[in-house]
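There are 2 protein chains.
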Amino acid sequence: MVRDSFIKSLIEIVGESHVECSEAGLMAYSFDATPNFQSKPDVVVSPANTEEISQIVKLCEKHQVPIVPRGSGTNLAAGTTPTQGGVVILFNRLDQIIEIDEENLTITVQPGVITKTICDTVEAKGLFYPPDPSSMKISTIGGNINENSGGLRGLKYGVTKDYILALEVVLPNGEVIRTGGKLAKDVAGYDLTKLLVGSEGTLGIVTEATLKLIPKPETKQTLLAIYESIDQASQTVSSIIANKMTPATLEFMDQPTIHAVEEYSHLGLPTQAEAVLLIEQDGPHSVVSEDIEQIALLCRKEGAIDVKIANTEEEANRLREGRRAALSAIARLSPTTILEDATVPRSEIAPMVRQINRIAEKYNVRIATFGHAGDGNLHPTCMTDARNQEEMERVEKAFEEIFAYAIEFGGTITGEHGVGEMKSPYLAWKVGDAGLEIMKNIKAAFDPHNIMNPRKMFAKETRKRIAL
Amino acid sequence: MVRDSFIKSLIEIVGESHVECSEAGLMAYSFDATPNFQSKPDVVVSPANTEEISQIVKLCEKHQVPIVPRGSGTNLAAGTTPTQGGVVILFNRLDQIIEIDEENLTITVQPGVITKTICDTVEAKGLFYPPDPSSMKISTIGGNINENSGGLRGLKYGVTKDYILALEVVLPNGEVIRTGGKLAKDVAGYDLTKLLVGSEGTLGIVTEATLKLIPKPETKQTLLAIYESIDQASQTVSSIIANKMTPATLEFMDQPTIHAVEEYSHLGLPTQAEAVLLIEQDGPHSVVSEDIEQIALLCRKEGAIDVKIANTEEEANRLREGRRAALSAIARLSPTTILEDATVPRSEIAPMVRQINRIAEKYNVRIATFGHAGDGNLHPTCMTDARNQEEMERVEKAFEEIFAYAIEFGGTITGEHGVGEMKSPYLAWKVGDAGLEIMKNIKAAFDPHNIMNPRKMFAKETRKRIAL
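Note that the protein sequences, when read in sequence, are chains A and B.
Residue numbering for the first sequence follows full-length UniProt numbering, beginning at 1 and increasing consecutively.
Residue numbering for the second sequence follows full-length UniProt numbering, beginning at 1 and increasing consecutively.
If you're looking for bench data, these hints aren't it; they were derived computationally from the structure.
Quick caveat, the model's predicted, so the values are computed rather than measured.
Take the hints with a grain of salt, since some may be wrong.
Note: identical chains are not told apart, hence a pair may lie in one copy or across any two.
[What the hints assert, rightly or not] Here are the computed lysine to aspartate or glutamate pairs in the EDC-like style, where the Cα-Cα straight-line distance is at most 20 Å:
id : residue 1 : residue 2
1  : K212      : D162
2  : K116      : E99
3  : K244      : E102
Start from the sequences, fold in the hints, and give me the full structure.
This is how it looks when you write it as structure tokens:
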């Protein structure tokens with residue numbers, strides 16, 4: 001618990017109306033989108049600018065009070081839960097687009113801007129910000145930066161990190177630094193920009209970011225292919241790549257997902273389907289139509305029982321609807337939905353999905369898998385009930401085995417959600433003891449008093465979902 | 001000086017024939033491509049594998065002997081000179097391509113492989129490794145990784161860092177870690193891969209790397225535009241970007257460079273030309289011919305006095321010849337050539353070139369500027385004589401002022417060459433005192449005994465070129 005004098009100091013910095021201490025207010029920021037991780041903060045503040053954030057950080061450092069920076073709280077790995085109490089910092093008052101630079105193709109924003117607002121704003125000018133996490137309608141760019149968010153366009157366009165050119169950051173000692181610039185090339189010292197992106201709020205607080213933009217693709221076309229076998233779908237992915245094409249979207253749904261989607265949306269997907277691929281290509285008109293035609297041929301050649309090509313934007317939306325509805329369709333089937341993101345090299349998707357299905361059966365848990373086939377980023381999603389302790393133990397064991405297989409296949413425990421508190425017990429599996437050691441040293445180099453989002457990324461103990 | 005017993009231990013690790021202690025041998029590795037920085041190592045070793053490197057590092061850590069990893073020594077910022085003596089590690093025995101994975105579009109290589117060998121090998125399979133530093137015919141991929149090398153294709157395709165997916169690294173304590181994977185998405189912990197790329201050998205020794213490949217562009221077309229004013233050339237660059245095109249190459253030469261090239265190569269460049277742009281586009285046939293046509297129109301519209309489009313590969317080679325010959329043409333005009341790489345946002349190229357010319361006049365030094373106009377990465381190149389102490393002092397002052405202007409324009413002290421020892425006195429200008437402090441903390445987090453390429457990046461004193 002923080003003292004009253006600490007709260008008083010916070011009020012002096014940001015003003016009384018921007019400090020929240022009520023029970024209801026603290027409750028609202030005690031959880032994020034991760035089931036079963038809840039922990040109340042001591043206080044929630046909404047600073048107005050970098051200077052106020054710097055003062056808050058200095059105050060917290062002096063009193064060794066934990067700080068949890070929080071965007072819209074869509075985190076799926078308990079990355080924004082105030083596990084150790086302390087101060088939750090909100091960015092709702094830092095929500096301005098500062099500049100669009102059409103000559104250097106950059107946009108400079110405050111961390112509280114909603115991701116989709118950025119996309120819409122630049123597209124109106126014929127420009128394009130590619131990273132499109134599924135949460136983009138509500139997530140903030142600050143959250144995306146802290147988590148290095150991915151999205152559907154990752155295969156062709158990369159992830160958030162690939163588009164962050166410069167940052168303003170408040171360090172854990174309260175000092176403000178600026179990294180990078182409106183520069184495609186900059187090798188002056190260690191790359192703090194790329195180190196900070198994806199550091200989950202454990203190294204500093206992002207207060208401003210300059211993002212790289214590219215010209216908006218001329219057009220986009222959409223295709224849906226339905227398969228009776230996962231291997232045929234997976235073989236199609238390989239064939240597309242082998243034929244030197246890089247689709248803008250290459251999404252996958254397995255049978256349990258298709259069933260859930262069909263029950264929910266009645267799109268007419270055949271029940272015998274074992275896999276669906278949603279494929280989109282964007283770019284110049286001539287290239288897109290040629291690629292889509294060739295991709296349709298490859299789908300059929302690899303054994304697709306149906307290939308639908310959208311001729312209008314309405315048809316395209318209808319084809320996308322199934323994949324878009326996947327999480328909602330699955331979520332309505334059980335009280336608790338756990339969305340994971342074990343990721344493997346593209347070539348290992350079929351064997352990985354088979355392992356996931358085998359593991360689900362072994363532990364008698366319900367798992368549907370969908371995700372980004374083009375980049376091997378799968379979302380095995382468990383339908384369960386957090387109140388059922390016995391089942392949750394089986395869920396935990398199933399995911400443990402899924403993570404182990406992901407690593408065995410040359411993959412990782414998290415492709416785009418982050419480690420947070422939830423996956424911290426597994427981080428050493430991916431990076432090794434020596435890797436974990438060096439990461440802890442980096443953390444200490446930035447934050448010797450461990451005030452920035454403590455207990456995230458690095459497990460203090462092996463607490464997992466079940467050990468609440 | 002290291003002791004005989006230390007040399008004996010090295011011989012036990014790598015074998016006598018792979019330890020070099022002769023005066024001539026040490027002399028050969030006492031310098032890199034940076035004028036005026038020379039310093040003899042104590043010993044040069046050529047290990048055969050990761051295990052031997054790990055043993056060498058452990059030995060050096062025990063005796064606190066500096067280690068300088070060295071590829072082909074093409075470094076331009078005194079990044080591979082053994083400033084503090086110690087052991088130079090060569091990678092000539094780690095020169096194997098380990099695997100080409102056509103399904104996941106990756107190539108895995110040892111650090112001693114020549115960059116161009118990688119490009120040629122994958123192009124033969126219809127694949128493409130885009131980073132193309134000018135030194136690619138002799139530089140090693142290990143050197144490129146340590147320096148995060150750029151190249152001519154940076155605007156469209158990015159730099160080395162954008163293509164490094166995974167590393168095997170020997171840490172300064174001798175432990176071996178593996179970072180990343182054949183993965184487009186991986187957010188498990190801090191991004192050690194991107195931190196190590198460009199860390200100039202100060203954090204660890206790269207012993208293996210997995211590189212991302214993309215499909216090889218179908219075709220490429222080349223255009224040369226000649227201008228009587230720098231502003232018109234610069235305006236053309238802006239117009240191309242404003243018209244949503246991203247050329248594969250967008251190179252610039254100023255008047256002194258054109259003069260030097262013309263004297264050397266007799267390409268028929270008009271002597272009144274103040275600027276030349278070499279522009280290339282690659283991609284699908286239809287896109288390339290349309291883009292090149294539109295770019296030619298823009299060049300003329302902005303005032304180009306001549307626009308040449310190559311119709312054959314021979315013609316393209318002829319158009320490229322001037323830019324390719326730039327450094328050689330300049331280098332023959334004086335005993336010492338100092339090639340710099342101050343970099344600015346693309347929009348600031350014209351004002352920056354004007355400042356460079358003004359500064360050259362002010363200090364009465366000869367500077368020709370060429371470089372990558374698309375990404376603002378300029379190469380102001382000074383023709384001087386290192387034996388003339390008084391002139392070198394003026395050269396130093398001129399570059400100091402150039403760096404200061406680069407930063408004033410929102411740029412950086414180095415776009416693709418690295419900080420090394422040479423630019424270490426200027427690093428704080430770019431990253432600030434707080435930024436420098438955090439970088440020093442990161443260095444200490446990896447290398448507490450400061451054995452890995454010491455005195456690089458971080459200046460111990462303000463030693464510069466002149467203070468030998």
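Taking the earlier hints as the rules, which of them does this structure contradict? Nothing - there is no hint that the structure violates, so all of them hold.
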